[in-house]
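> For reference, the chains in residue letters:
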Amino acid sequence: MAFYGIGPTWALLWLPVVIAATLLLALGAAWPAALLGLWVPSVTVFAAQVLRILYFAAPGLVALSEVSPEVRAWMVWNPLTGLFESFRSVFLYGTAPAFWDLAYPALVGLVLMAVFIPAYGREQRHFAKLVRG
Amino acid sequence: MTAVRAEGVGVEYLFDRQQQTVSPTLARLRRRGDVTWALRDVSFSIGAGEGVALLGASGSGKSTLLRTIAGVLEPDTGRIGVEGRVGSLLSVQAGVMAMLTGRENTLLLGVLAGMTPERARAQTEAVKEASGLGKHYEHLVASYSQGMRARLGLAVMERTEPAILLLDEIHEALDHEFRDHVERYALALLERGGIVIATGHDHHMLERFSSRAVLLEHGVLKEDGDFHEVQRHYLAGRRA
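Line order of the protein sequences matches chains A and B.
No gaps in the numbering here: position 118 of the first sequence is 133 in our numbering, and each next residue is one more.
No gaps in the numbering here: position 16 of the second sequence is 140 in our numbering, and each next residue is one more.
Everything labelled a hint here was simulated from the structure, so no lab data went into it.
Glycine included, each C-beta is placed from N, C-alpha and C at the ideal position.
Check each hint, because a few of them may be wrong.
Which residues of chain A face chain B? A few of them, derived with a C-beta cut under 10 Å, are [claimed, not checked]:
id: 1; residue: L53
id: 2; residue: V55
id: 3; residue: A134
id: 4; residue: R137
id: 5; residue: A143
id: 6; residue: K144
id: 7; residue: L145
Derived DEER-like restraints, expressed as beta-carbon distance ranges [unchecked claim]:
id: 8; chain 1: B; residue 1: L232; chain 2: A; residue 2: V32; range: 31 to 41 Å
id: 9; chain 1: B; residue 1: L224; chain 2: A; residue 2: T24; range: 42 to 52 Å
id: 10; chain 1: B; residue 1: G205; chain 2: A; residue 2: Q139; range: 19 to 29 Å
id: 11; chain 1: A; residue 1: G22; chain 2: B; residue 2: R209; range: 50 to 60 Å
id: 12; chain 1: A; residue 1: R137; chain 2: B; residue 2: G132; range: 20 to 30 Å
id: 13; chain 1: B; residue 1: R156; chain 2: A; residue 2: W92; range: 29 to 39 Å
Please put together the full structure from these sequences, using the hints given.
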């Protein structure tokens with residue numbers, strides 16, 4: 016904000032909500048990531064590339080409004096897109112984040128948790144057999 | 125009352141076609157390979173003040189049994205009951221983390237063993253003294269030898285005051301001075317009414333704190349009784 020010469024606005028009050036949505040998505044991704052890392056240890060190298068792709072396929076460096084409509088139609092499906100746009104709204108535009116920008120990544124996180132937490136619970140007792148070394 | 129009881133304990137390992145260990149879920153997703161029972165229908169009871177040696181060839185299930193008693197592995201069949209705090213040295217890595225110093229590992233292992241952070245912090249100097257690591261205590265564990273790691277692990281474990289001590293060939297990686305220390309510690313624990321369960325191929329050391337032995341063969345308990353009797357049968361079977 017200081018870099019762009021923008022002062023704090025009341026929109027900053029939305030920051031805890033944006034962080035909460037970010038945490039929900041991160042938590043949701045953590046369960047399948049933990050299981051995949053154990054099931055297929057070599058996937059960790061691949062996972063780093065997937066994360067990099069997700070980052071560049073989201074409006075982190077360039078605002079979504081600056082992206083061509085064709086690319087935008089794909090980008091909105093990336094759960095990171097709404098989070099980047101929300102942080103941009105709160106810090107740079109001084110506006111409240113759009114509902115779906117927060118709801119979509121939070122929903123993805125919740126769905127991942129609903130699917131993978133029970134799977135994690137079932138698998139947990141076998142972890143010690145799978146860990147090498 | 126300190127006790128270890130196993131009733132029909134079985135531990136199963138599933139493998140895929142590449143002979144990688146897989147969980148049941150993964151076995152359903154991948155083309156399944158072999159099934160191996162590391163332990164099958166193992167039952168015994170160990171009471172306070174008993175020292176028990178687990179004998180058997182490599183791959184007979186000794187380490188799996190120790191890991192099951194320690195709670196690292198959960199039995200797939202049967203049940204295991206442990207009464208008393210367990211202290212274990214199950215590998216030469218002794219549960220220490222290479223990227224932390226000896227002091228940092230002391231804090232981490234202490235907290236993982238159930239100590240409060242304050243109590244774990246208060247133990248650090250005593251652990252430094254007991255481990256005999258000197259200035260190396262402040263160095264990264266990555267620079268330690270296997271023996272040094274085991275000494276650190278044992279020194280921390282002693283501070284958790286276990287009633288049941290599990291040793292998995294770890295004492296065989298130690299120097300003579302520290303092996304004597306492990307032996308004295310095991311004997312003192314037995315005198316206090318604790319339990320010592322140890323595996324290894326150094327039978328001379330095992331017999332000094334084991335009055336009883338359990339012989340395992342391909343995961344099955346073949347014999348349970350007096351140490352010298354079981355040892356004689358085991359060695360006779362090896363020669364045959």
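> What are the numbers of the hints that this structure violates, sorted from low to high?
none
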